[in-house]
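Student: Its first residue numbered 84, the sequence shown is counted upward by one per residue in my numbering.
In case anyone wonders, no lab produced these hints; they're calculated from the structure.
Please note: incorrect hints may appear among the correct ones.
[Claimed, not checked] Here are the simulated lysine to any residue pairs, SDA-like style, with alpha carbons at most 25 Å apart:
#	residue 1	residue 2
1	Lys175	Arg257
2	Lys166	Tyr260
3	Lys175	Ala259
4	Lys166	Gln240
5	Lys166	Ala255
6	Lys175	Asp113
7	Lys166	Arg183
8	Lys166	Leu213
9	Lys166	Asp113
10	Lys166	Asp129
11	Lys166	Ala249
12	Lys175	Ser256
13	Lys175	Asp242
14	Lys175	Ala144
15	Lys166	Cys98
16	Lys175	Tyr196
17	Lys175	Leu213
18	Lys166	Ala103
19	Lys175	Gly164
20	Lys166	Glu247
21	Lys175	Asp115
22	Lys166	Gly112
23	Lys175	Asp128
24	Lys166	Val114
25	Lys175	Gly118
These numbers were taken from a predicted model, which means no experiment stands behind them.
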Amino acid sequence: MIDGVPGGRSTHGICFGALAWLVEDGRVGDVDVSGLAAALVVRYDDDEPGSPWTIVLHVDAAGDDRQRAALAEVFLGRLGGPKVGVLPWVRKASHLLNVRTDVIELVPDGDGYILRVGDAVRARATRPVLSDSVVRCIIPGYEEPGRELVGNELVVQDDQLSWELAEHCAFASRFAYASD
């Protein structure tokens, strides 16, 4: 949903973001991925033909090769599932720039979080939104309880993706992802 319209134009025409997941308890087949994280840097432009998503996926350096490969399979949508199959970079055209191994830190801070992904991403969202308007974007699953936050900062220097944003939307929630 973009601007309250399923599949509509984004608010600013170009969407930039960084998403992170911490797997509290999970398995991918016989591979335990509990306690590991993944982060995705995304960009798309409404006016680019087909509006493909350009992405870089980061998988947790704390995992071994099998665990990192399993995380990549999940978050690139290769295993399907009701929540993963509707992720925009899975259901639409996408251009994968890279899958990287990095230290991923997702640290609670006040009412929000601080995210660090190697040298590629620094994000801080620590204040609740003081409005009833819905600012969630990108990720299906908002039927899950969560918190609308103000993204104090998002600094990305990752392959061809580079930007600095402040005072934009952020959202924190728990999700239950499962394959079919």
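Student: Determine for every hint whether it applies to the structure shown.
Tutor: Status of the hints after comparison with the structure:
1. Lys175 <-> Arg257: 24 Å, holds
2. Lys166 <-> Tyr260: Holds. Lysine 166 to tyrosine 260 sits at ~6 Å (cutoff 25 Å).
3. Lys175 <-> Ala259: 22 Å, holds
4. Lys166 <-> Gln240: 28 Å, violated
5. Lys166 <-> Ala255: Roughly 16 Å separates the two Cα atoms, so the pair holds.
6. Lys175 <-> Asp113: 29 Å, violated
7. Lys166 <-> Arg183: 23 Å, holds
8. Lys166 <-> Leu213: Since the Cα atoms of lysine 166 and leucine 213 sit roughly 28 Å apart, the hinted pair is violated (cutoff 25 Å).
9. Lys166 <-> Asp113: Status holds; Cα separation ~21 Å.
10. Lys166 <-> Asp129: 23 Å, holds
11. Lys166 <-> Ala249: Violated. Lysine 166 to alanine 249 sits at ~28 Å, over the 25 Å cutoff.
12. Lys175 <-> Ser256: 23 Å, holds
13. Lys175 <-> Asp242: With a Cα-Cα distance of about 21 Å, the restraint between lysine 175 and aspartate 242 holds, given a limit of 25 Å.
14. Lys175 <-> Ala144: 28 Å, violated
15. Lys166 <-> Cys98: Holds. Lysine 166 to cysteine 98 sits at ~21 Å (cutoff 25 Å).
16. Lys175 <-> Tyr196: 29 Å, violated
17. Lys175 <-> Leu213: Not satisfied, since the Cα-Cα distance of roughly 33 Å exceeds 25 Å.
18. Lys166 <-> Ala103: It holds: about 15 Å lies between the C-alpha atoms, which stays within 25 Å.
19. Lys175 <-> Gly164: Roughly 15 Å separates the two Cα atoms, so the pair holds.
20. Lys166 <-> Glu247: With Cα atoms ~29 Å apart, lysine 166 and glutamate 247 exceed 25 Å; violated.
21. Lys175 <-> Asp115: Violated - the C-alpha atoms of aspartate 115 and lysine 175 are around 29 Å apart, more than 25 Å.
22. Lys166 <-> Gly112: 18 Å, holds
23. Lys175 <-> Asp128: OK: lysine 175 and aspartate 128 at ~13 Å, within 25 Å.
24. Lys166 <-> Val114: Given pair lysine 166, valine 114 holds - Cα atoms ~20 Å apart, limit 25 Å.
25. Lys175 <-> Gly118: Given pair lysine 175, glycine 118 is violated - Cα atoms ~29 Å apart, limit 25 Å.
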